[in-house]
Amino acid sequence: MDHSKAFTDRIEETLIAGILGAMTLITFANVVTRHGFNQNILWALELTVFLFGWLVLLGASYAVKKGAHLGVDIVVNALPSQPRRIMGLAAVAVCISFSLLMLKGAWDYWANFANLPGTEGRWFPLGFEETYRGKGWYEVNDIPHPAILGWMESVFNEGEEYEKIPRMIPYVVLPLSMALLLLRFVQAGWALWIGKTDRVVASHEVEDELEEIREQMRGQN
Amino acid sequence: MEVVILFTLVIGLMLIGVPIAISLGMSSVLFLLVFSDSSLASVAQTLFSAFEGHYTLLAIPFFILASSFMTTGGVAQRIIRFSIACVGHLPGGLAIAGVFACMLFAALSGSSPATVVAIGTIVIGGMRQVGYSKDFAAGVICTAGTLGILIPPSIVMVVYAASVEVSVGRMFLAGVIPGLLAGFMLMTTIYVIARIKKLPKGEWQGWGEILASGRDAGWGLFLIVIILGGIYGGIFTPTEAAAVAAVYAFFIATFVYKDMGPLADRQARSLSAAAVNETPGSIPLRRRPWAIVTAFFHPDTQRTLFDAGKLTVTLLFVIANALILKHVLTDEQIPQHIANAMLSAGFGPVMFLIVVNIILLIGGQFMEPSGLLVIVAPLVFPIAIELGIDPIHLGIIMVVNMEIGMITPPVGLNLFVTSGVAGMPMMSVVRAALPFLAVLFVFLILVTYVPWISTVLPNTFMGPEIITK
Chain G
1 MDHSKAFTDR
11 IEETLIAGIL
21 GAMTLITFAN
31 VVTRHGFNQN
41 ILWALELTVF
51 LFGWLVLLGA
61 SYAVKKGAHL
71 GVDIVVNALP
81 SQPRRIMGLA
91 AVAVCISFSL
101 LMLKGAWDYW
111 ANFANLPGTE
121 GRWFPLGFEE
131 TYRGKGWYEV
141 NDIPHPAILG
151 WMESVFNEGE
161 EYEKIPRMIP
171 YVVLPLSMAL
181 LLLRFVQAGW
191 ALWIGKTDRV
201 VASHEVEDEL
211 EEIREQMRGQ
221 N
Chain S
1 MEVVILFTLV
11 IGLMLIGVPI
21 AISLGMSSVL
31 FLLVFSDSSL
41 ASVAQTLFSA
51 FEGHYTLLAI
61 PFFILASSFM
71 TTGGVAQRII
81 RFSIACVGHL
91 PGGLAIAGVF
101 ACMLFAALSG
111 SSPATVVAIG
121 TIVIGGMRQV
131 GYSKDFAAGV
141 ICTAGTLGIL
151 IPPSIVMVVY
161 AASVEVSVGR
171 MFLAGVIPGL
181 LAGFMLMTTI
191 YVIARIKKLP
201 KGEWQGWGEI
211 LASGRDAGWG
221 LFLIVIILGG
231 IYGGIFTPTE
241 AAAVAAVYAF
251 FIATFVYKDM
261 GPLADRQARS
271 LSAAAVNETP
281 GSIPLRRRPW
291 AIVTAFFHPD
301 TQRTLFDAGK
311 LTVTLLFVIA
321 NALILKHVLT
331 DEQIPQHIAN
341 AMLSAGFGPV
351 MFLIVVNIIL
361 LIGGQFMEPS
371 GLLVIVAPLV
381 FPIAIELGID
391 PIHLGIIMVV
401 NMEIGMITPP
411 VGLNLFVTSG
421 VAGMPMMSVV
431 RAALPFLAVL
441 FVFLILVTYV
451 PWISTVLPNT
461 FMGPEIITK
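Heads up: the sequence lines are chains G and S, in that order.
For the first sequence, our numbering begins at 1 and goes up steadily by one.
For the second sequence, our numbering begins at 1 and goes up steadily by one.
These are calculated hints, taken from the structure and not from any lab test.
All C-beta atoms, glycine included, are put in the ideal place defined by N, C-alpha and C.
Any given hint could be a false lead.
[Unchecked claim] In silico SDA-like links for lysine to any residue, alpha-carbon gap of 20 Å or less:
1) K66(G) with W43(G)
2) K134(S) with R218(G)
3) K196(G) with I16(S)
4) K65(G) with F306(S)
5) K134(S) with M217(G)
6) K65(G) with R303(S)
7) K135(G) with K134(S)
8) K134(S) with Q216(G)
9) K66(G) with R303(S)
10) K66(G) with Q302(S)
11) K135(G) with S49(S)
[To be verified] Per the computed footprint, the stretches of chain G lying under chain S, defined by three or more beta-carbons under 8 Å from a beta-carbon of chain S, are:
12) 14-22
13) 51-57
14) 72-86
15) 130-144
Can you build the whole structure from these sequences, using the hints too?
See the structure below:
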């Protein structure tokens, strides 16, 4: 159990580091080619922007797991432990509802791009829609379709060739990340329920660093 | 009426401990589902287009990365050494040097708490050793650290620029004079206090030391030249400038300073052990030529990328959700309604700015500044334009307000961070920061009612601002 947990941590951490590294290098390379060779990498900006979206959306669920989402803890800190727990549970309930609503929204938005049916219903999914227009043919603006994804043409585009990658590829992160977000909030809710944690937020960005300093001080005394 | 429900919901959710991002997103989603025809799918689309449609925001991860590379190692020590060489011989020299170091560091990192952590861990201890009281040291650093968001490049300014669609370049330029002015006011205050209280002064170490330490710190400080020079020279967009800065910072940290990566000497490196005049050991590149390749995959590099990535995630998730809220506000034309109500009630620009000041001072106490800004900016911006306030000027006012919010009792963020760094109770930090808080208040009034301070540089260098209503 512990082992597998460390493993998913490593995957997510490598992914976060890797995506950010890739974004930086692509943007940098674009600057170099523009000034050095007088040529823009056409797809650089669009790819960076998509990676950016992937980074934040996928990272959001990791941040839930680590309790790193920014929040306001002034009221939480002022309360005794019993009401604090109840408020924590209420907060997680809100987060879970948000993830559920967004998961439905994300699926509805993405599904048609992948020739799949969205769901009926305004608040809750009430079964799949029966008639819809697939938008599997809808491509992004600049990123060329790599040969390795050639199989997608027969599956999603009736054998017709993709010049650019279809929009379903960048957008798939929406349902994926919202599902992960839901999973992590349910886990966070469970941790709160059994009393392992008392909140789902961090109050500022340097909490880890402060903890480190406090430990060093303790070490010195 | 609906808008009151909307904002009550946002604030209520935040107070019970829902993450800011989710509070914003959830309130907007509920509002849209109840009061409008928008579907959940369109909300999801808005969420994704926060990244797809805002190239400006793309600068944030790169700025964060650049400052992570810069702050991993001993850049803070080098800056402090340089500052002491420059102003350490004045009365209250070390304190003035602390302010100076915070200003320089603020130009490398875009964040205030980060500035306090980096400079405070070294300077507060150093000041106590030469005879300053712990309170005084903490008060100085706590206040000077807030300059992090005012002196460009600043992440908060990028957030403002993106959320109200003004130029990042203009915002950065606009921050230069106020940043210097605030630093100068703080230094003068310290000088006066030092004269009265006869605080210790350091030795004048000569021009040689200034040159030597300046050359050493210069590698890091050159980052500012790349960013500002690149943007105003028309070589890069702000986003590209940030990416180039990140790559530059990586090379400096790994191959010049050798604070991290394969060429760093891995012995006895810890935050508090870092003495001011000590350069950590390192390995020359010719002994490990393969480092040019391995540096990219070195655990230190991965770690820094990950840390910067994580910070990006938490900040941008808030911003993305705030953009959903902005979408709601724009759709319902809420700011326009409020503006009309204010105009017909006879509110002028002066009154409006006071209201903005108060909202931000209260909010800035317990919320991370960029989060607060994305909520408040879209709301007050259209009103400000109606009232004829310059958008850039408004941006600077908002930034200065949040600076003050960070050190206003009872719960300013910087107070909290300083109390952790200095290892002293929150209330003593509050008391220690009070005199300097007063200075910043004077500064705020100055910046609010003298627009010239903020607008002269951008208008001189980039032409007058064109305001489209």
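Run the structure past the numbered hints and jot down the numbers of the failing ones, going up. When the structure is compared with the hints, numbers 1, 7 and 15 turn out to be violated.
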